[in-house]
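Student: Full structure from sequences and hints, please.
Residue numbers (my numbering), protein chains in the order written: chain A, 1 to 417; chain B, 1 to 417; chain C, 1 to 417; chain D, 1 to 417.
I should point out that these hints are in silico values taken from the structure, not numbers from a laboratory.
Among the clues, some could well be false.
No distinction is drawn between identical chains; accordingly, a pair holds when it is met within one copy or between any pair of copies.
[Claimed, not checked] Once the Cα atoms are required to be at most 27 Å apart in a straight line, the calculated BS3-like pairs of lysine-lysine come out as:
hint: 1; residue 1: K215; residue 2: K345
hint: 2; residue 1: K85; residue 2: K307
hint: 3; residue 1: K251; residue 2: K219
hint: 4; residue 1: K335; residue 2: K307
hint: 5; residue 1: K103; residue 2: K61
hint: 6; residue 1: K7; residue 2: K402
hint: 7; residue 1: K154; residue 2: K8
hint: 8; residue 1: K412; residue 2: K401
hint: 9; residue 1: K208; residue 2: K347
hint: 10; residue 1: K401; residue 2: K229
hint: 11; residue 1: K229; residue 2: K402
hint: 12; residue 1: K103; residue 2: K401
hint: 13; residue 1: K251; residue 2: K229
hint: 14; residue 1: K85; residue 2: K241
hint: 15; residue 1: K402; residue 2: K8
hint: 16; residue 1: K205; residue 2: K345
hint: 17; residue 1: K401; residue 2: K345
Each chain, written out:
Protein chains: 4
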Amino acid sequence: MNKEDIKKVVLAYSGGLDTSIIISWLKENYDCEVIAVVGNVGQEEELEGLEDKAIASGASKIYIEDLIDEFVDDYVFETLKAGAKYEGRYLLGTAFARPVIAKRLVEIAHEENADAIVHGCTGKGNDQVRFELTVKAFDPDMPVIAPWRTWEIKSREDEIEYAKARNIPLPMEKDEFYSEDRNIWHISHEGLDLEYPDTEPNYDKVLKLSVSPEKAPDKPTYVTIRFDKGVPVAVNGEYMKGSDIIRYLNKVGGENGIGIDDIVENRLVGMKVRGVYENAGGRILYTAHEILESLTLDRDTMHYKDKVAVEFASLVYNGLWFSTLREALSAFVNKTQETVTGDVKLKLYKGNVINAGVTSPYTLYDEEYATFGEDGVYDQTDSQGFVNLYALPIKVQAMMKKKVKAKKEQEKKEQGK
Amino acid sequence: MNKEDIKKVVLAYSGGLDTSIIISWLKENYDCEVIAVVGNVGQEEELEGLEDKAIASGASKIYIEDLIDEFVDDYVFETLKAGAKYEGRYLLGTAFARPVIAKRLVEIAHEENADAIVHGCTGKGNDQVRFELTVKAFDPDMPVIAPWRTWEIKSREDEIEYAKARNIPLPMEKDEFYSEDRNIWHISHEGLDLEYPDTEPNYDKVLKLSVSPEKAPDKPTYVTIRFDKGVPVAVNGEYMKGSDIIRYLNKVGGENGIGIDDIVENRLVGMKVRGVYENAGGRILYTAHEILESLTLDRDTMHYKDKVAVEFASLVYNGLWFSTLREALSAFVNKTQETVTGDVKLKLYKGNVINAGVTSPYTLYDEEYATFGEDGVYDQTDSQGFVNLYALPIKVQAMMKKKVKAKKEQEKKEQGK
Amino acid sequence: MNKEDIKKVVLAYSGGLDTSIIISWLKENYDCEVIAVVGNVGQEEELEGLEDKAIASGASKIYIEDLIDEFVDDYVFETLKAGAKYEGRYLLGTAFARPVIAKRLVEIAHEENADAIVHGCTGKGNDQVRFELTVKAFDPDMPVIAPWRTWEIKSREDEIEYAKARNIPLPMEKDEFYSEDRNIWHISHEGLDLEYPDTEPNYDKVLKLSVSPEKAPDKPTYVTIRFDKGVPVAVNGEYMKGSDIIRYLNKVGGENGIGIDDIVENRLVGMKVRGVYENAGGRILYTAHEILESLTLDRDTMHYKDKVAVEFASLVYNGLWFSTLREALSAFVNKTQETVTGDVKLKLYKGNVINAGVTSPYTLYDEEYATFGEDGVYDQTDSQGFVNLYALPIKVQAMMKKKVKAKKEQEKKEQGK
Amino acid sequence: MNKEDIKKVVLAYSGGLDTSIIISWLKENYDCEVIAVVGNVGQEEELEGLEDKAIASGASKIYIEDLIDEFVDDYVFETLKAGAKYEGRYLLGTAFARPVIAKRLVEIAHEENADAIVHGCTGKGNDQVRFELTVKAFDPDMPVIAPWRTWEIKSREDEIEYAKARNIPLPMEKDEFYSEDRNIWHISHEGLDLEYPDTEPNYDKVLKLSVSPEKAPDKPTYVTIRFDKGVPVAVNGEYMKGSDIIRYLNKVGGENGIGIDDIVENRLVGMKVRGVYENAGGRILYTAHEILESLTLDRDTMHYKDKVAVEFASLVYNGLWFSTLREALSAFVNKTQETVTGDVKLKLYKGNVINAGVTSPYTLYDEEYATFGEDGVYDQTDSQGFVNLYALPIKVQAMMKKKVKAKKEQEKKEQGK
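Tutor: Here is the structure:
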């Protein structure tokens, strides 16, 4: 791609200082039209006044796309069904928000006949990868411009200086702030004192959506979540769309100190990073889903699915949402979810999500089989044969060792003569 | 094995009604000498007066074996290092207590020239498998007698009747009781109302070691655990042996409502069962170990080890402790633990185990690499090339799809002519 | 089940001595009507005169079911797509023939209102498991009678004696014969000298379908196989149904000494067994399919699918065809096969199946990317950044080790003062 | 790193045109002393006259290091024990030759106080990664110079022109040649017509070590290989060191057309490449090792090890030899090899490696267990119980489905009223 061929670009725009500066930088460096695109995935407060701001910063046009329900239904719940948690903990909130936005960017770039797509991700994180993999999946020939990897701005201070020199309005901000990413599913916090894993986070300063367990009420809250084929469809008996379920659970979960994770995780780009996540609704939904699966999935399927979940999580984390492997794993997952239907009651109490009872028409648990009395399903005399055959490889190995040992002793004895 | 060849047997004895009756039944049915063996793995209250009781019940001799430290050092911590949790939750307390006892049974049977080993496990559970696999691993030709699978006693009522008819003293018991298994690592509870997974447990009735989060103190407790190569060696700066670490953590953990698990799990013998576990110390140690590994293991090792942990847990759960595969997986695990050394501080608060800071001389996290400023380790311009090559398979697939699509459109056009 | 409730049974009948005797034994022991069912899965010579034979042996009725195409399309090719080979070699010929037959047995049992299903598998093999798991999957309450596990007949000699005493006609047979299982996909051979793994098989005596490589022609034969979404659809440009493709490839493959496997395998029931397999067509199709996938699957998908294949093979081998996990794995596999379309040319020569050229409209190999000249897809300067970030975890670990070493040396020095 | 700080470099030197030019280029561009290092891993013909050539090209010094036995014992056989084959086929010959050489390069660089290490790998292949990962593992701060990724020479033609302009002697070569890599374990061939996977290779032109099966003798050759704990130690009864075993087997294997692989493989750097490999000795050793393991490993260990092998192969292929994960996997593997001791007889015949008998003192196969007669190890009546419990999850699922169906029908009926 030659600089002079870039006449029009589509920019993933947030309204923050970073992307405001990028508009200015693009116009200076490429002399091109800039179309700003905001993908609304539930980041809340940041959407107001964006149009004016974008135009003021030099954009010719702005798209504000409501992607919330697509995000929840096609990405969040697809991952929830898989039970995928990166490194056993992280619910992937930032990871799958990138492909849904990048996919829309490509669509708009095509509609607008744009010559390139621009994002404001730094060169140290995972998001650049997630963005660009999605762009390449939908348009392998679309150029991507990532100013942070190439420009001379290297720090917050450089940014402010750059902005001041060009009269780009600076946001009113506290002296210090965490680097945050928010959407309907989660908020992540990085930076400042969080960069020191030997230090306990000051949760009063960090948390936005939730309170810490200590500040949560002394009385528990109960919620009942209904799943249909692995997908949450109702809360406390009331059917609602997925995004509303998450909103509701974020609220009650946040109030009860649920879903705060303090993690050192391994980035795709090879370094470790420490972050604090708020995942109130997510933690509740994952827990409920796991409880329901413990009742409705048979052992072999559950154990294999646990391994699939690990792979699924890595793919999503690494930006490979739009890959054959992720789609094939989803085909596996969806097959397993056909009977993951039922109600899970949970007690939320000061950071705890406690199983308070689960039912399913497809339950594979039956107290008749599990009780200690007599029954027709399980015949105790079967277990003798089962144990004998199950143990056969162990027995054969032990017999072999005995034979080898006896032979060696025999040889020793004969040599001793 | 012929009945008449059984002159002397070694019995896994607990002092409970089950094994007391078994002594009587063995003498009636085999006319054999019965040697009672109690393996002390920390079941606490049940050891007093056992000798008299066993002799009174008809045993010729009793061994009371202190296996606690062997259990902790060679089984519990070996599994902790692996991070193995069955079905993502269960810390395997009962599962690895069986092999340590069964191994000692075989040793005593050899010392005593016994003709068979007897256990009191039912035919519906996992423990029969765990016992017998271990026996076969150490002596493939040793007969095993499992009265519950063959005798006419089928229920609690049958037992009581049988005991009364023979003047076997009945334990003083409440009308109802949960089926429990206790050792230094955990207590499990099954039966009664727990058989109904739609019902929340009455924790006041169930719990023995811990209080529920609601009853825990309003102030958090902090503990700092030191690990050396994956093994806990000190608490709050004080070095102590493993069993004492567990005892201490069970106490403070139990007081703070930690480690209560309510699980529907898949038994080896094909049915699901619901149990409540108390694992105060175990939960604290697992959490601490995971936090330390997040700092000291590289990504590839950690991700693969997560899969190994799943296999390890299944093997232990299924009684395959003494198997080549378990030993080979331990060899893998031990190699990974060489740098899992350091201190983890935890805040215990009403059921929560919260990371309060971690340090290690072998940390792979370095705030210098992770910060957003400039540094020598990470060069942002590298990421352009990284992303391009990482994305290459996605790009090639997208190019292929584009080409196929273009060809199809071309063919359609030509057909249209 | 009570003996007297068994008025009518459905028997998996082969016409061999075993199942002829079973008819007689069933009538003697259960006084029941016996309906013989032959599932034709391509066992060839054994079908003629079966009706007369069954009636003469005492059956009231016989079903001869042509299951060949169902077998090939729904079982064989489903497994081929998965690339599943048990223990890396065995193409599962016997394993997936059992469920297709057992499924039909249940259907007929339902049509006939039979009270039980009877099979002639011994208690030492895998087939009893495969039969009974399928029966239970389709009718969990249907009793199964397995005479070999319970009757007093324990050997070939017992059988002959039993048959003579009841005038059951004995087959004309050589003094010795291998235990064989044949269907359209394969022939297996076990027993006699094959029981000694230290001995090379006498292939002239063993082989039925194929010649040994030494006896194959000196000129190679070429075949071209077309796949559509992973399924073979044409040979040498001629479209034909799956069973005809296998028949053709068995013929040319067998003539060229292809697909003879001599394996010690691990049975589900815990013992090892040695068998020789003839899989001429199967080996050709698996090889062709693998070659085509090497061109059309991306790396991540291929590598993961290789692991899925291992699990798939174990499930099929262990009789778990009709299980949620097998079906979910097939959902995964089918998603991956969407682009496994193309032509594979193979040279068959004295036991060798040699790649002689492969093409696909969905090829991900492009000589443009792979050549050493310049091109637009791959930019060599990207690799610097790729290597640097890919190596980052290694670098960080090495830096940590250096730091730890330096610190230790420093401490030593200070102690030395 | 600044150019001017580079006073002395260590170069991985082969004597070919590429690395001869690099010496000249280094001196022109860095004005530095160049120390040439040749790691002899069995590349044969290329070693003679190297010293003169290197000095003539401008090197100040040359190291010719005999790494053959280290390569065989610590890399090749370590991988053989793991059974690792990349993508099921490739025996990793080039992949593990890179770390052994790079490790020595770092050692020499330290001895010589060199300022950088230089290699001649292109930016399109795996070898650059393998080299640089090893360098970083042993010295994270050592700069690496990779001229092919940065200089202006982009093709064979450019190279020749560059050499002519500087009087660098050109090798006498046929007009066309394949890109080859040779060591004691294998030869790889890439390029020219091999870049077209639709074309059968002209093996007469390609092969160096082996003949094609068609050209192999009409009489088979037998070899017997003895393994001790997974490592080959003797051939035909004669003990010899590992490298001599490989040399011998390369010879007889090559004569019999063994080990020719034609593969499209997935490179780490994201593209597919087609190569032909000659692996005569390797193929024989892998086959023998697998046969011996089929006798001496229990099922669970074997099946898990098969998965470990896939991971091991990827790590080696991707240059991660010196990584914690590879070392931990080796610890696993070595534990499994303790009983992989015995003799394997093989028939080599026109490309076929045929099992001709295997024995081991640690055999887990015993014809006594496997035969069809009666015996004491296996009791057929056990299988009834085994099948019943093994099938229990299937049965419970089927019962659940039946119940759900019945309930639905009942509801329908009631609605119909």
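Student: State the violated hints by number, sorted upward, taking the hints as numbered earlier in the document.
Tutor: Every hint satisfied by this model.
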